[in-house]
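Please construct the entire structure, taking both the sequences and the accompanying hints into account.
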Amino acid sequence: MSKDIRIKKGLDIKLVGEAEKTTTNIPLSSVYAVKPEDFHGITPKLLAKEGANVKAGQALFYDKNDERILFPSPVSGTVTEVLRGARRKILAIKINADATIEHTDFGVKKPSSMSSEDVKSHLFLSGCWPFVKQRPYDVIANPNQAPKAIFISASNTAPLAPDLSYTLKGRELELKAGLEAITKLTEGKVHVAVGKNEGSFFQGISGVELHTVSGPHPAGNVGTHIAKINPINKGEVVWTLKIEDVLVIGELFLTGRFNLTRTIALTGSQFSKPHYVTVIAGATIADVIAKNAETTGTRVISGNVLSGKEVKENDFLGYYDNQITAIPEGDDYEFFGWNKPVFNKISTSRALTFSWLTPNKKYDLDTNTNGEHRAFVVTGNYEEVFPLDIYPMQLLKAFMYKDLDEMEALGGYEIAPEDFALTEFVCVSKQPHQKIIREGLDLMRQELG
Amino acid sequence: MSLKQNLHNLKEKYKGTKMAPAFNAIHTFLYLPNEVTHGGTHIKAADDLKRTMNIVIMALIPCLLFGIFNAGYQHYAAIDAAKGVIREASLFGNFINWDNFVVGAWTVLPLVLVSYGVGLLVEFIFAVIKGHEVEEGYLVTGMLVPLIVPVDIPLWMLSVAVIFGVVIGKEVFGGTGMNILNPALTIRAFLFFAYPTWMSGDKVWVHEAVSRTGTADAISGETVLGAYAQNSNLPELGNSVLAGVDKMDMFFGFMPGSVGETSKILIILGGLFLIYTKVASWRIILSAIVGALTMGLIFNGVVNAGWITDTSKFFGLMSVPFWQHLIIGSVLFGAVYMATDPVSGSQTNKGKWIYGFLIGFISIMIRVFNPAYPEGVFLAILLMNVFAPTIDHYVIQGNVKRRMKRLKAKTA
Numbered sequence: 001m002s003k004d005i006r007i008k009k010g011l012d013i014k015l016v017g018e019a020e021k022t023t024t025n026i027p028l029s030s031v032y033a034v035k036p037e038d039f040h041g042i043t044p045k046l047l048a049k050e051g052a053n054v055k056a057g058q059a060l061f062y063d064k065n066d067e068r069i070l071f072p073s074p075v076s077g078t079v080t081e082v083l084r085g086a087r088r089k090i091l092a093i094k095i096n097a098d099a100t101i102e103h104t105d106f107g108v109k110k111p112s113s114m115s116s117e118d119v120k121s122h123l124f125l126s127g128c129w130p131f132v133k134q135r136p137y138d139v140i141a142n143p144n145q146a147p148k149a150i151f152i153s154a155s156n157t158a159p160l161a162p163d164l165s166y167t168l169k170g171r172e173l174e175l176k177a178g179l180e181a182i183t184k185l186t187e188g189k190v191h192v193a194v195g196k197n198e199g200s201f202f203q204g205i206s207g208v209e210l211h212t213v214s215g216p217h218p219a220g221n222v223g224t225h226i227a228k229i230n231p232i233n234k235g236e237v238v239w240t241l242k243i244e245d246v247l248v249i250g251e252l253f254l255t256g257r258f259n260l261t262r263t264i265a266l267t268g269s270q271f272s273k274p275h276y277v278t279v280i281a282g283a284t285i286a287d288v289i290a291k292n293a294e295t296t297g298t299r300v301i302s303g304n305v306l307s308g309k310e311v312k313e314n315d316f317l318g319y320y321d322n323q324i325t326a327i328p329e330g331d332d333y334e335f336f337g338w339n340k341p342v343f344n345k346i347s348t349s350r351a352l353t354f355s356w357l358t359p360n361k362k363y364d365l366d367t368n369t370n371g372e373h374r375a376f377v378v379t380g381n382y383e384e385v386f387p388l389d390i391y392p393m394q395l396l397k398a399f400m401y402k403d404l405d406e407m408e409a410l411g412g413y414e415i416a417p418e419d420f421a422l423t424e425f426v427c428v429s430k431q432p433h434q435k436i437i438r439e440g441l442d443l444m445r446q447e448l449g
Numbered sequence: 001m002s003l004k005q006n007l008h009n010l011k012e013k014y015k016g017t018k019m020a021p022a023f024n025a026i027h028t029f030l031y032l033p034n035e036v037t038h039g040g041t042h043i044k045a046a047d048d049l050k051r052t053m054n055i056v057i058m059a060l061i062p063c064l065l066f067g068i069f070n071a072g073y074q075h076y077a078a079i080d081a082a083k084g085v086i087r088e089a090s091l092f093g094n095f096i097n098w099d100n101f102v103v104g105a106w107t108v109l110p111l112v113l114v115s116y117g118v119g120l121l122v123e124f125i126f127a128v129i130k131g132h133e134v135e136e137g138y139l140v141t142g143m144l145v146p147l148i149v150p151v152d153i154p155l156w157m158l159s160v161a162v163i164f165g166v167v168i169g170k171e172v173f174g175g176t177g178m179n180i181l182n183p184a185l186t187i188r189a190f191l192f193f194a195y196p197t198w199m200s201g202d203k204v205w206v207h208e209a210v211s212r213t214g215t216a217d218a219i220s221g222e223t224v225l226g227a228y229a230q231n232s233n234l235p236e237l238g239n240s241v242l243a244g245v246d247k248m249d250m251f252f253g254f255m256p257g258s259v260g261e262t263s264k265i266l267i268i269l270g271g272l273f274l275i276y277t278k279v280a281s282w283r284i285i286l287s288a289i290v291g292a293l294t295m296g297l298i299f300n301g302v303v304n305a306g307w308i309t310d311t312s313k314f315f316g317l318m319s320v321p322f323w324q325h326l327i328i329g330s331v332l333f334g335a336v337y338m339a340t341d342p343v344s345g346s347q348t349n350k351g352k353w354i355y356g357f358l359i360g361f362i363s364i365m366i367r368v369f370n371p372a373y374p375e376g377v378f379l380a381i382l383l384m385n386v387f388a389p390t391i392d393h394y395v396i397q398g399n400v401k402r403r404m405k406r407l408k409a410k411t412a
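Same order as they appear, the protein sequences are chains A and B. Quick note on numbering: the first sequence equals residues 1 to 449 in UniProt numbering. Quick note on numbering: the second sequence equals residues 1 to 412 in UniProt numbering.
Please keep in mind that the hints were generated in silico from the structure rather than gathered at the bench. Be aware that a few hints might be false.
Unchecked claim - One side only, chain A facing chain B, incomplete, derived with CB under 7 Å:
1. 333
2. 337
3. 341
4. 369
5. 378
6. 424
To be verified - If you only want the chain A side, here are some residues facing chain B, beta carbon under 8 Å, derived:
7. 183
8. 185
9. 186
10. 306
11. 347
12. 393
13. 421
Glycine is no exception: its CB is placed at the ideal position from the N, C-alpha and C atoms.
Structure follows, in structure tokens:
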């Protein structure tokens with residue numbers, strides 16, 4: 001039975017620079033890169049050394065903890081450089097792309113006639129397993145643990161998020177095949193949460209449970225769906241996927257090719273023409289934003305403004321990202337900025353701030369912190385934007401003083417850093433919530449397994 | 001070179017040195033810092049702790065201004081009353097005038113200056129020693145302190161109390177956000193126990209009442225609450241300003257008391273402003289008022305049932321109609337400005353209901369049963385400050401149990 005999810009707590013951050021619904025094909029970049037840090041919690045072991053020729057879909061490295069989990073190259077070409085950091089940590093594997101992409105052929109498969117194990121091994125072999133993530137800990141799913149359910153978010157409510165009704169258009173076949181494959185991975189249910197506009201794409205797809213979500217951000221976060229539909233208890237595991245990644249899996253089964261070409265949104269006020277582009281994951285940022293974005297005084301983010309990662313022009317598009325955002329840097333002082341009335345910034349309080357008067361106005365926010373880092377003082381404001389049945393400040397404090405029992409008891413198994421993006425945004429004390437949560441989850445994973 | 005650039009250069013020059021927090025404090029007072037986000041969310045909401053604290057100060061300014069005029073008004077009214085002339089207070093007649101302002105400003109502004117001067121000095125010293133930034137907590141405490149003391153409190157006593165309050169009440173716990181007790185009330189509690197003759201009784205609440213004691217010009221400096229505690233009937237107090245005080249005077253604040261707590265209308269307006277700006281918790285304010293009314297009703301019930309008679313020393317305050325407890329003493333001031341301190345109060349929404357209610361309830365209980373020192377609000381709030389973490393603990397355990405129950409239901 002489907003269950004409609006409607007949340008009231010949350011905050012829609014409306015920014016200038018929504019992507020216009022036109023799509024440009026970005027010409028192939030000359031250099032692509034896969035960054036192991038995009039896959040949090042794995043220990044990479046190299047397969048393709050410098051100078052090796054690889055095809056798209058061919059594994060570049062695997063996870064030392066589970067050799068079946070492969071990380072494929074998005075393009076065909078030559079591995080030119082393995083960038084290493086401190087203690088020889090692999091930062092990026094750079095590939096000089098061929099003029100035409102050659103794909104490894106994994107063979108056309110029909111998921112409906114495959115066994116669960118066959119689907120799993122096909123996902124391992126083709127390098128699609130990293131798309132499957134798990135809660136607790138928000139890391140790539142451990143294939144040895146059976147999930148009680150799989151949650152797929154087909155709703156994106158983050159600021160300036162790409163419109164899925166636009167990016168999913170015409171991809172119904174891949175969607176169907178992908179979802180068919182995923183239903184094989186669990187004996188539990190596969191829950192797909194869709195926004196009101198995306199509902200039509202999923203009509204007639206059997207085997208999954210559809211939920212309609214509405215309300216302010218984080219209505220589209222998979223963490224919200226899990227909490228409302230089937231919350232995680234100690235000892236349980238659920239797997240999560242993003243709908244864009246389901247398309248890649250679907251295409252793999254339909255064509256036998258691993259194709260990381262994505263339609264991503266270029267958003268934010270620093271783009272002269274915010275719109276959609278098709279691009280292969282791992283492309284050079286400079287190629288993606290070429291001649292479109294203001295480059296001085298700009299923060300370019302691979303992902304959205306709440307949970308994306310800052311990138312420079314010579315960096316690369318994140319493996320999972322479906323959006324590049326460019327907003328102004330705020331590295332300037334503002335005279336008496338702490339006590340004069342504010343009309344050009346967003347706030348949930350009414351302390352001489354006026355964004356609550358104009359809920360539909362779009363703001364051009366910059367990266368200024370609007371204040372200094374302090375201890376937790378104000379109470380009750382996180383709860384306004386946090387829809388889960390968890391005490392956010394108490395959980396954050398438990399994560400900071402690293403009391404494992406409390407971390408467990410207060411809901412540590414149910415959360416991912418992105419669930420705390422809004423509380424971090426509204427935080428008067430400017431605490432780094434997502435960092436606290438990420439470090440705490442890593443500790444829990446290490447200590448509690 | 002502009003001021004902005006000069007300050008920036010100074011900040012860079014002293015970066016990493018002991019004195020950096022002191023320069024930064026002045027810099028960030030004038031300018032919002034140029035810090036940008038790194039990791040996490042790339043954008044941040046508009047308000048910071050300074051802005052939040054600033055709102056509380058704004059809400060307190062009317063109480064301070066009223067307190068200044070009231071200090072002068074009560075002084076002259078007491079002199080008149082000693083001569084047998086009972087005044088009728090009128091806001092734009094005999095209240096807001098130059099004479100009252102001069103006396104009020106002369107007595108109240110030094111309290112404000114000492115409170116901020118000494119308190120911020122201690123904060124700066126601690127920031128420099130410990131190498132952390134000067135935090136904003138004292139901005140509000142510094143304004144609250146002069147409003148909750150008698151007008152004539154000697155400045156050296158106030159200085160000692162402020163040093164005690166900031167060091168023992170806050171800094172030893174780690175500074176703003178880490179304290180267990182409300183710092184302003186810690187300062188008041190120190191004064192109350194260290195110098196009781198200056199913090200209670202029938203003299204200290206009117207300017208010069210203490211210094212004129214025993215002279216031919218003696219004046220009375222009693223509060224309404226003190227008079228009720230002595231089972232006095234206000235109109236019969238012929239030589240006191242209280243003889244002319246009626247309920248409207250209590251509501252508008254034309255009566256003796258601590259500097260800023262007498263005007264209930266201004267406290268209510270300040271409270272509404274704090275609730276509207278979402279800086280103070282409406283849950284705490286509302287539940288504290290409900291708690292006070294409940295206790296008042298219980299005592300009225302006791303009187304109506306005839307369980308105590310007018311010979312009892314508790315009779316005076318017990319028989320005060322329950323709602324009048326809100327317009328005498330500092331229950332409202334405590335509920336709006338003290339109980340809502342987010343650091344020392346309950347932090348969970350459910351906890352705030354319980355915390356506030358008990359503050360109101362216990363305030364009136366202490367008021368009635370402690371007739372020698374009838375103002376129990378600050379003691380009630382300090383007591384509940386201590387219990388706030390316990391209240392939160394049980395509220396949070398409710399959430400934890402719900403999670404455990406879910407697990408049991410699964411495994412059963």
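Hint check results:
no. : hint : verdict
1   : 333  : 4 Å, holds
2   : 337  : 3 Å, holds
3   : 341  : 10 Å, violated
4   : 369  : 5 Å, holds
5   : 378  : 5 Å, holds
6   : 424  : 5 Å, holds
7   : 183  : 22 Å, violated
8   : 185  : 21 Å, violated
9   : 186  : 16 Å, violated
10  : 306  : 5 Å, holds
11  : 347  : 4 Å, holds
12  : 393  : 6 Å, holds
13  : 421  : 6 Å, holds
Hints 3, 7, 8, 9 from the list above are not met by this structure, while the remaining hints are.
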